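*Asks:* In case you want the letters, here they are:
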Amino acid sequence: MNKKIKFNTKNLDLYYGDFQALKSINLEIYEKEVTAFIGPSGCGKSTFLRCLNRMNDLIDSVKIEGEIIFEGQDINGDIDVINLRTRVGMVFQKPNPFPMSIYENIAYGPKCQGVKDKTQLDTLVKESLVKAALWEEVKDRLNKSALGLSGGQQQRLCIARAIAMQPEVILMDEPTSALDPIATAKIEDLMSKLKKDYTIIIVTHSMQQAGRISDKTAFFLMGEVVEFNETPVIFTNPADKRTEDYITGRFG
Amino acid sequence: MICLIEKLKKEYLGRSIVTLLGIVIILVTLSITGFLFYKGLGTFVTYNHSVWEFLFSSDWKPADNFDGGGKVGAAIFIVGSLLISFLALLIATPFSIASAVFMTEISPILGKKLLQPAIGIFVGIPSVVYGWVGLTVLVPAIAHVFNLPYGFSVLAGGIVLALMIFPTITSVSVDAIENVDNGYKEASYALGTTRWQYIYKVMLPSATSGILTGVILGLARAFGEALAVAMVIGKMQTFPDNILSATNNMTAEIASDMGNSAQGGEFNDALWSMALLLLIISFIFILIMRIIAKKGEEVK
Chain G
117 MNKKIKFNTK NLDLYYGDFQ ALKSINLEIY EKEVTAFIGP SGCGKSTFLR CLNRMNDLID
177 SVKIEGEIIF EGQDINGDID VINLRTRVGM VFQKPNPFPM SIYENIAYGP KCQGVKDKTQ
237 LDTLVKESLV KAALWEEVKD RLNKSALGLS GGQQQRLCIA RAIAMQPEVI LMDEPTSALD
297 PIATAKIEDL MSKLKKDYTI IIVTHSMQQA GRISDKTAFF LMGEVVEFNE TPVIFTNPAD
357 KRTEDYITGR FG
Chain A
42 MICLIEKLKK EYLGRSIVTL LGIVIILVTL SITGFLFYKG LGTFVTYNHS VWEFLFSSDW
102 KPADNFDGGG KVGAAIFIVG SLLISFLALL IATPFSIASA VFMTEISPIL GKKLLQPAIG
162 IFVGIPSVVY GWVGLTVLVP AIAHVFNLPY GFSVLAGGIV LALMIFPTIT SVSVDAIENV
222 DNGYKEASYA LGTTRWQYIY KVMLPSATSG ILTGVILGLA RAFGEALAVA MVIGKMQTFP
282 DNILSATNNM TAEIASDMGN SAQGGEFNDA LWSMALLLLI ISFIFILIMR IIAKKGEEVK
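Residue numbers (the working numbering), protein chains in the order written: chain G, 117 to 368; chain A, 42 to 341.
FYI, nobody ran anything at the bench for these hints, they're computed from the structure.
Just so you know, these numbers come straight off a predicted model, no measurement behind them.
Glycine included, each C-beta is placed from N, C-alpha and C at the ideal position.
Check before you lean on any hint, since a few could be wrong.
[As the list claims (entries may be wrong)] Short derived list, chain A residues pointing at chain G, Cβ under 8 angstroms:
no.: 1; residue: Asp222
no.: 2; residue: Gly224
no.: 3; residue: Ala228
no.: 4; residue: Tyr230
no.: 5; residue: Ala231
no.: 6; residue: Leu232
no.: 7; residue: Thr234
no.: 8; residue: Gln238
no.: 9; residue: Lys242
no.: 10; residue: Val243
no.: 11; residue: Ser247
Sequences and hints are given; from them, build the entire structure.
*Replies:* Quick look at the structure:
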């Protein structure tokens, strides 16, 4: 089966001031798969993830060199960042619903894009919540504050919020590290369902998680991609000694 | 033994001094409050005026003697204070919020380099200077623009006060905005919203309780300011017809007549009653701030 390449990076370097955080990253990310980035803290995996929707623009001292080709276009160039971010959604480590109602949280993104029609918004909110496996739990309290939800529900709300933009890609930056095991299981379950429709890229600290949910895994170390392959290969037959040391728990 | 003294010094000396100083401040606050009540209630207890007369009558002719029998209706001053303070708030708040947004989100570098020091200077200017500049520049300007015989007015007082409370509201708003969870910003940007959409729809609503605290603080400051207002308000003992009319307010009246009245006389006591009213109003402001802050906490 030939899958399409969604993201393709070429010699991507990233600097925070003088510190080089990413060193010549070359990665191909395929569509409708789950790609996991693993590696010790500070290895650059989150930084790399944030390149894919230009979230690093929020940090002043960042300088990026090299290419990130997304659907044939280099997104490091002079592109419409707003448009990019509507196509590449993101879910963060700490659930961060807005201090608004559940409904408004989901409708916020589409409204900012100019969707005004109430029925259209209603449908969008419902569909997104259904896809994020949250509809049954919140359908009777859509107008209540999102901050009253549990951590796991909040994170699924954040996923629903991203889905409401009808993106092609969803980036997830350690989405379960602030959650308990049951909430984590629900989110993992959700990811395997979502990959039918979306390309999912997840940064995770948990190797078990990467093993359970991802199709491909990239191992990051000190700003470099040491190894990138099918997940089973990375975990059972890694080519690089450093990968083997990491996944067997010898460091990190 | 020496070791024990050392230990006592280290453990208790600092703590005792801090506690003692804290207690002194609390005592001072309590005694000022007590004193104001003692003095301020004289009008109602010694001279038998009703609270109703004091608050709602505009007949102000207190007798400067110990027999009483004058009129102590302070409504003109109370209305003057309210009008000028709210006008100042109306003028200052939009500038304050805009400056706070500029400093935090639009251009932090320019904001920190230019606007922040400018606001610091605003705070440092003594109120007599504000009043004097108001008297020299603003009052003639208002007379000129609106073609009036003189420019002493509610408007002049409101503008001078607006300048004086602008830094207060701005700096509290900056704190409120900086306290907004950075996660909201990331979440909003990641959804493809523009900076303005984030500011308008997420950031400002989240910072509302903090900004309101700043607004109330500014209002309290405006209410209590005497000197600068006294210089531009015109000190006319009439209700203003509109914001271009001269009138008077509580602080200006206290400041101008406190030295001209006999201690303990009816006039003097009536002024103390206004001082007490100012204190009560500032207590109310503090209470409102507490309630807003608590509501803000609940939302978070």
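*Asks:* Now look at each hint and say whether the structure bears it out.
*Replies:* Evaluated hints:
1. Residue-level restraint check for aspartate 222 of chain A holds (minimum Cβ-Cβ distance to chain G is 7 angstroms; threshold 8 angstroms).
2. Satisfaction of the interface hint for glycine 224 of chain A is found here, the shortest Cβ-Cβ separation to chain G being roughly 3 angstroms, below the 8 angstroms cut-off.
3. Annotation: interface hint on alanine 228 of chain A holds; nearest CB of chain G at approximately 5 angstroms, less than 8 angstroms.
4. The beta carbon of tyrosine 230 of chain A comes within 7 angstroms of a beta carbon in chain G, closer than 8 angstroms, and the hint placing it at the interface holds.
5. Evaluation of the alanine 231 of chain A hint against chain G yields a held restraint, the C-beta minimum of about 4 angstroms falling below 8 angstroms.
6. Hint on leucine 232 of chain A holds. Least Cβ distance to chain G is approximately 4 angstroms, under the 8 angstroms limit.
7. For threonine 234 of chain A, the shortest C-beta to C-beta distance to chain G is roughly 4 angstroms, which falls under 8 angstroms, so the interface hint holds.
8. With 8 angstroms as the threshold, the beta carbon of glutamine 238 of chain A comes within range of chain G, its nearest partner Cβ sitting at about 5 angstroms, so the hint holds.
9. At a threshold of 8 angstroms, the smallest CB-CB gap from lysine 242 of chain A to chain G is about 7 angstroms, leaving the interface hint in force.
10. This hint holds: valine 243 of chain A has a C-beta 6 angstroms from the nearest C-beta of chain G, less than the 8 angstroms allowed.
11. Interface restraint check: serine 247 of chain A against chain G, minimum CB-CB distance 6 angstroms, threshold 8 angstroms, status holds.
Checked against the numbered hints listed earlier, the structure breaks none of them; every hint is satisfied.
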